[in-house]
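Residues per chain are reported as follows:
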Amino acid sequence: MHMADALISPAVGGTMWAASAGLIAYCSKKVRDDIDDRKIPLMGVAGAFIFAAQMINFTIPGTGSSGHLGGAMILSILLGPYAAFLTMASILTVQSLLFADGGLLALGCNIFNLGFFPCFIAYPFIYKPIVGEKPNQNRILLGAIIAAIVGLQMGAFGVVLETLFSGLSELPFKTFVLLMQPIHLAIGIVEGIVTAAVVSFVWRSRPEILEKTANTSPVNGFSGKFVLTALLAAAVITGGVISWFASSNPDGLEWAVFHTTGKEEVETPGRKIYSLLAEFQEKTAFLPDYGFRASEETPAEGTGSESVVSPGTSVSGLVGGTVVLILAAFIGFILKKKKNPQP
Amino acid sequence: MSRIKTAFLDLGYMDTLSGRDTPAHRLDPRAKLLTTLIFIITVVSFGKYEISALIPFFIFPAVMISLGELPFYYLLRKILIVTPFAVMIGIFNPLIDREILMRLGPFSISGGWISFFSIMIKFTLTAGSVLVLIACTGFNSVCMALEKMGAPRIFAVQLLFLYRYIFVLIDEASRMANARSLRSFDGKGKGIKVFSNLLGHLLLRTIDRAQRIHLAMLCRGFDGEIRVNRRLEAGMREVIFTIAWSVFFIAMRFYNIPLIVGSFISEGWHM
Chain A
1 MHMADALISP
11 AVGGTMWAAS
21 AGLIAYCSKK
31 VRDDIDDRKI
41 PLMGVAGAFI
51 FAAQMINFTI
61 PGTGSSGHLG
71 GAMILSILLG
81 PYAAFLTMAS
91 ILTVQSLLFA
101 DGGLLALGCN
111 IFNLGFFPCF
121 IAYPFIYKPI
131 VGEKPNQNRI
141 LLGAIIAAIV
151 GLQMGAFGVV
161 LETLFSGLSE
171 LPFKTFVLLM
181 QPIHLAIGIV
191 EGIVTAAVVS
201 FVWRSRPEIL
211 EKTANTSPVN
221 GFSGKFVLTA
231 LLAAAVITGG
241 VISWFASSNP
251 DGLEWAVFHT
261 TGKEEVETPG
271 RKIYSLLAEF
281 QEKTAFLPDY
291 GFRASEETPA
301 EGTGSESVVS
311 PGTSVSGLVG
321 GTVVLILAAF
331 IGFILKKKKN
341 PQP
Chain B
1 MSRIKTAFLD
11 LGYMDTLSGR
21 DTPAHRLDPR
31 AKLLTTLIFI
41 ITVVSFGKYE
51 ISALIPFFIF
61 PAVMISLGEL
71 PFYYLLRKIL
81 IVTPFAVMIG
91 IFNPLIDREI
101 LMRLGPFSIS
111 GGWISFFSIM
121 IKFTLTAGSV
131 LVLIACTGFN
141 SVCMALEKMG
151 APRIFAVQLL
161 FLYRYIFVLI
171 DEASRMANAR
181 SLRSFDGKGK
191 GIKVFSNLLG
201 HLLLRTIDRA
211 QRIHLAMLCR
221 GFDGEIRVNR
231 RLEAGMREVI
241 FTIAWSVFFI
251 AMRFYNIPLI
261 VGSFISEGWH
271 M
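First to last, the sequence lines map onto chains A and B. Going by my numbering, the first sequence runs without a break in its numbering and finishes at 343. Going by my numbering, the second sequence runs without a break in its numbering and finishes at 271.
Excised from the complex, chain A in its bound form (with noise of 0.2 Å):
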C-alpha cells in the first residue's frame, strides 16, 4: 500500500506532502508542549519496534499465507495520537530511504494514508469510545479491529483518490476500488486481531503502561475543533489539486473522470460520488467547459492522445533515447574507469 512516486504526478505529491508535513509540525508542537518528556525516546524505540515486530510473521490459519503487525493503531494506543502520527511518519521515511518502499515524493501521501487516519479518525472516534475508561477483553478486540478496518480502508481509499487524480493509471475507478477495499479489509482484520492480541496481552501483565497513556495522552484535548480544521484543510487540498487540474492540465481531472464514470452514464453504486464530485467542481468553477469537455472529448479522445505521441517522432524518440541511454552508461563507466588505477 505503499504508493511509488512514478504513480503520482507533482501536484499531488505536493499537496499531500504540504499537507502531512503541516501536521508533522502541529504533532511536533503538541509532543514539546507535553509535559511527559518520557514519551521522546519511547517514539523512536515503539517505532523501531514496529519495524522489528514486522519481521515476525505468523501463519494465519487455514490459508497458508502469513501475516504481521500493522503499525499506526498499535503507535495510537500506546503514545496517544500525536506521538503516534509523528512516529508513523518517521517509520515510512525510513522504509521510503532505506528500502526504497513507497518514494520520497509520494511519502506525504503515504504519511496521511497511513498516519492521519488510523491516527487520528480511528483512534479517538473508534477505538477510544468503544474500550472506553476501563478497559477489558472484549473492548479492547472489538475496538481495535473495527478501528484498524477502518483506517485501513480510509487509506485505501486515499491510494485510490491520489492516484486517480494524478492521471497516471488507466485503472478506472470502480474497478480501482474494487480492487483495493476488500484486499485492505482482509488486511485489516488480521492487523485488528494481532493489534487486539499484543495490547491485551500489555494490559494483562503490565495495565498502567495503558492507563498512562489514556490518562497523560492529550487525546483528552482532542477536541472537535481539530477535527473540523483537519476536514476543513482536506476541502483546501482537494479543491487545490482539482484546481491545479483544471487550470494547468485540462487533461487530468477530465481523464480521470471519464475514465471513473466510464462510457457511458453511470449507474448505481458510485453515482453519488460522482455527482458529489461534479457538483464540487460547478461550485469552485475552475471548470467553467467541464460539461462541453467532456462531451465532446468521448470522441475525439483518441485524437488527443494520438497528438501526444506521433509515431514519426516516436522512432527519433527511440533512436535518439538508446543513444543517450549507451552515453549516459558509458559516462558512468567513464567515471568508474578512471577511478579504478587510482588506489
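Careful, some of the hints might be misleading.
To be verified - Quick list of in silico lysine-lysine cross-link-like pairs, DSBU-like style, CA-CA up to 35 Å:
1) B:Lys190 / A:Lys128
2) A:Lys134 / A:Lys30
3) B:Lys148 / A:Lys29
What the hints assert, rightly or not - If you want a taste of the chain B side facing chain A, the calculated C-beta under 10 Å gives, among others:
4) Ile40
5) Ala62
6) Ile81
7) Thr83
8) Phe92
9) Ile96
10) Phe123
Honestly, the hints are just simulated from the structure, not real lab data. Ideal Cβ positions, reconstructed from N, Cα and C, are used throughout, including at glycine.
For chain A, the structure is supplied; the task is to place chain B on it using the hints.
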C-alpha cells in the same frame, strides 16, 4: 527467518556504503537532498506517454554511482524488490488503453504499453535516486539535513532514534523468531497465540528499554530540549553541484535531447 537476517544485513550494508570517503560522499548532505528532490519532481512531472525524454535523467544516478563507487547490481536488486506495487497498478494500463500509438515496422505498440514503460522508467529513476542518496550520504546526515532545512527538530530526532534502535531491536526480534522456529515442528506454535505473546514480550522489553534510555538521558542533563552538536558546511562546491544539476534537469525537462539526437541521426541516414 532468513528474511530478518537479510533485512538486518541489508541495513548494515547501506550504512557501510554511506561511510565511504569519495567525492560524492564528501558533498554536503543538504546539496544532495535538494538535488535529489528536484530530480524526482522533474522526472515525475513528465506526461504519461513520455519515454525518450526521460532517458537523459539516467545520467544523474549513473554519475553519482560512479563518483560514490556504489555497487550497481546491489542497488538494482534493491529496486527490483520493491517493484511489485508499481507493476500491480501499472499493468492495467496495457489492458485498458489499447489504442495504437506507435508503429515500428510490423509491431504496433498500444498507448497502454507506452504509459506502462513510462511508469516503470520513472519508478526506476525515482527509487534509484533515493537509494543512491542514502548510499552516498548516510541516514544520519540526511536527518541532519532535514532538520537544517526546516523539519521540526523532534521529528528529526525521532528519525535518529528510530534508526539507531532498529539495529538493536531487529537483532532482538531475530533471536526470538529464531528460538520460536527452533521449537516449532510442523508449523505448530507459529499461530497467533504464540506470536502475540512473543510480540507482547518484545514490546514490554522495548518499553523498559525506552525507560532506561530516558533515565540515561536525564542523567546527562536532558530537559525536554534536544541539542544537536553537528555542523554542516556548504561551500562553493555544493552550490555549484546543486545549481548545475538543477539547470541540467530543467533543461532536459523542456528540451527532448534524445528526440533531437534521434532525428539528427535518422535524417542523416536519409541523406
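| Holds or violated: Ile81 of chain B as interface residue toward chain A, Cβ cutoff 10 Å? | 8 Å, holds
| message | Next item in the hint list is Ala62 of chain B. Is there a CB on chain A closer than 10 Å to its CB? | response | 4 Å, holds
| message | Checking hints one by one. Is Ile40 of chain B an interface residue toward chain A, by the C-beta closer than 10 Å rule? | response | 5 Å, holds
| query | Measuring from the C-beta of Phe92 of chain B to each C-beta in chain A, is the shortest one below 10 Å? | reply | 5 Å, holds
| said: For Lys190 of chain B and Lys128 of chain A, compute the direct alpha-carbon distance and say whether it is at most 35 Å. | reply: 31 Å, holds
| At a threshold of 10 Å, is the proposed contact between Ile96 of chain B and chain A supported by beta-carbon distances? | 4 Å, holds
| request: Go through the hint on Thr83 of chain B and say holds or violated, using the shortest Cβ distance to chain A against 10 Å. | output: Hint holds; Thr83 of chain B Cβ to chain A Cβ min 9 Å, cut 10 Å.
| message | Does the closest beta carbon of chain A sit nearer than 10 Å to the beta carbon of Phe123 of chain B? | response | 4 Å, holds
| task | Decide if the proposed pair is consistent with the structure: Lys134 of chain A and Lys30 of chain A, CA atoms, cutoff 35 Å inclusive. | result | 26 Å, holds
| task | Would you mind confirming whether the straight-line C-alpha gap from Lys148 of chain B to Lys29 of chain A stays at or under 35 Å? | result | Satisfied, since the Cα-Cα distance of roughly 17 Å is no more than 35 Å.
The structure shown violates none of the earlier numbered hints.
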